[in-house]
Amino acid sequence: MLAKYLRKDEWFSNIRGDILSGLVVALALIPEAIAFSIIAGVDPKVGLYASFSMAVIIAFVGGRPGMISAATGAMALLMVTLVKEHGLEYLLAATVLTGILQMLAGRFKLGQLMSFVPRAVVVGFVNALAILIFMAQLPELSNVTWHVYALTLAGLGIIYLFPYIPKIGTLLPSPLVTIVVLTLFVYFIGVDVRTVGDMGQLPDTLPIFLIPDIPLNFETLLIILPYSISLAMVGLLESLMTATIVDDLTDTKSDKNQECTGQGIANIATGFTGGMAGCAMIGQSVINIKSGGRGRLSTFVAGFFLLMMVVFLSDIISIIPMAALVAIMIMVSIGTFDWGSIKKLKTLPISTNIVMIATVVVVVFTHNLALGVFVGVLLASLFFANKISHFMYNESSYDEANDTRTYKVVGQVFFNSADKFYESFDFKEVVENIVIDLSKAHFWDISAVHALDKVVIKLRREGANVKLIGHNEASSTIIDRFGIHDKPEEIEKVMGGH
Amino acid sequence: MQNIKDIKEAVFACVDGSRFSEAVCEYSLHIAKQLSLPLVLLNTIEHPNASSVTNLSGNLSLGEREDLLDELSQEDAAKNKETRTQGKELLTTLKEKVKVQGFEDVITLQRHGTLYENLKDLEEKLRVVLFGVSGMGHFAEGVEIGSQVEDIIRDIDAPIILINKEFTPIHKVMIAFNGASGSVRALEEVSASPMLAKDVKRYIVTVNKDIQKAQELSHQAKDLIQDKSLNCEYISKAGDPLESILGCIDNNDIDMLSIGSYSHGKLKTALFGSFTTKLIKNVKVPLIILK
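Order-wise, the sequence lines are chains L and B.
Numbering-wise, the first sequence is residues 2 to 499 according to the numbering used here.
Numbering-wise, the second sequence is residues -14 to 276 according to the numbering used here.
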């Protein structure tokens, strides 16, 4: 059991690449953790402790080596009202509960439910996430002096242009260069702009184990449970999506159920060390792979160095101008966005585009990715049902000698095509015998069975002899279980209302 | 040419171009002849779990994921093409060698993925699997256990022969018997199955702290051997199992050792080490391992 978490090939097969990429990721995690703490309305130290604990624990218990988990924007957005109305301690409790729910999801193998989430919804989720991360930066850019705009633009300029410098361009992480340059500039020129230190407390010690200071009663559970459910769902969704992205990039497999359990364990530990709930991050995981990270070691190094730097360099971190962070977060937002999906809008079917855009719109308006995914999956299912319902037709032929009308039903009969099925019979026709051939039809649910019953009853009422033939195994089991047409006493019941 | 799908049972020689590949092939040929089964030369193309391109710029641009996917797949494609060609060449050379020795029932098989994964997929066709104790990754380190060896021995349900030296004819085989289910099967494999020729001398060694216990085990082993015409010698020793077994191998010029494998769970093994692993590390002759 424990040994599977300590697989040598997943830890030490890419040592150099993992350490370097882990450092790059650690540097990029700091601004993100601070930014997401600000979104959630807590001190930066809550996000920084969370990022440390998530990354380090997921390194051991996650199901996808090389994937980065930390405090994330998707999760931060879900906590805003909880923090505002009840405070940090309730957030920590909710984080622990989130972890418990996620562990249960892993235990019951709910990772497989991801197969119900169509590609269009995944793309919508990712794009919505990118937009939310961008929107979260807007408060930092409103009601400020022009200096902030200038600094942010300069920061973005460094991020995107620095890598073009030969040699050092691909050796020094450009977000780090941005932070250093802007911080030095602001510090020595003395521009009066907001810095990280203005946003709240930074960590000055290593995290310690603490039990959230809340009353342990039913009332508390009622407060945190709705938040924990949302957090658990969004956390698993983003983690599993990110795992798929990393799987594709590295052409390797991951264990989705182990990832669910791992996210749970990491969140429980995070809650007890004073951190906010987190999950896997798309942007950081892509940066990790791009920088050469592949193994569990990269995730561990990222978390470990993050903490070392934050604890020992907190004085320096507090003078970083917020504009530098905003520039980096805009970069993360741009990198998270699925640009290919916009280019493909023209070529994809309209229903797919509607699903994607609906997911984005719902998320942007509710700030809840779980709701967006719910609406997306619902829409996609309806579109799918509608498509399948087209695959049904009723062919009829008439045999004069026996005065027999034969209906041959071909295709899928279910809730969405049941009415169409009913209407495809000619009830006005006067005929002695009617044969309904179902050998090419599939009956999927009681709506279909009910429609067939209605058809048979109606035809018999008109005085015809109705005969059903050739219903295959699948149809006949459903008809047997739900059907009433051949039980007279049941027919009485149905006809009673007419 | 025969297809792997039509083969019910075969001797599998796993070759990767490392230093024991030729020996693996020769031992496999010998066993295949003994068992009158087809010989499959298996080469797996492992996906390296490491990166070669270093870009530490740490930024994300529009469409970064698509670009990165393109870049990484091109990199992999180039690498895989190269290993594929090398593997093909190796398989062709070895196949020729086998045919030159008058054995025609040989097919080559090249598959993507780790050796472990592929053996798991082929599990029901495996009569015997032979591979080198250390793979490509350990070329320069002397006899070190390859990273997948333990997993394969634990999980793959087939007799496994670990090759750790050049091929020499098999005249004397030793069975380390401790009464556990694996060693009972090891005893059966080398006495009841035609894997080894009739005239090969069998040494059945039992070791225990208590010499009486060792002798009891020895009697137990004697009863298990059905074919009384085999040339068997029974040795019972008191003392440390590892040292006694290694000593017996040296004293009697043994060509192969047969044992039952890992009897403890993974965690216990990870913490306290395992007798099987110690034996694999120290023994100088090929090992027949049964679960």
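These are calculated hints, taken from the structure and not from any lab test.
Accuracy of the hints is not assured; some may be wrong.
Within a straight-line C-alpha distance of at most 30 Å, the following computed DSS-like cross-link-like pairs (lysine-lysine) qualify [to be verified]: (1) Lys105/B / Lys9/L; (2) Lys222/B / Lys9/L; (3) Lys198/B / Lys254/L; (4) Lys441/L / Lys455/L; (5) Lys186/B / Lys254/L; (6) Lys276/B / Lys105/B; (7) Lys105/B / Lys110/L; (8) Lys168/L / Lys64/B.
Here are a few chain B residues that face chain L, going by a calculated C-beta distance under 10 Å [unchecked claim]: (9) His32; (10) Pro33; (11) Thr39; (12) Thr77; (13) Glu81; (14) Gln95; (15) Asn267.
Derived Cβ-Cβ restraints for the label pairs, each shown as a range [what the hints assert, rightly or not]: (16) Pro227/L / Lys66/B: 18 to 28 Å; (17) Ser58/B / Ser116/L: 16 to 26 Å; (18) Lys73/B / Arg120/L: 32 to 42 Å.
Source: prediction; values computed, not measured.
Note that beta-carbon positions come from the ideal geometry of N, C-alpha and C, so glycine has one too.
Next item on the list: Starting from the hint list further up, note which numbers the structure goes against and sort them upward.
Entry: 2, 3, 5, 12, 13, 14, 15, 16
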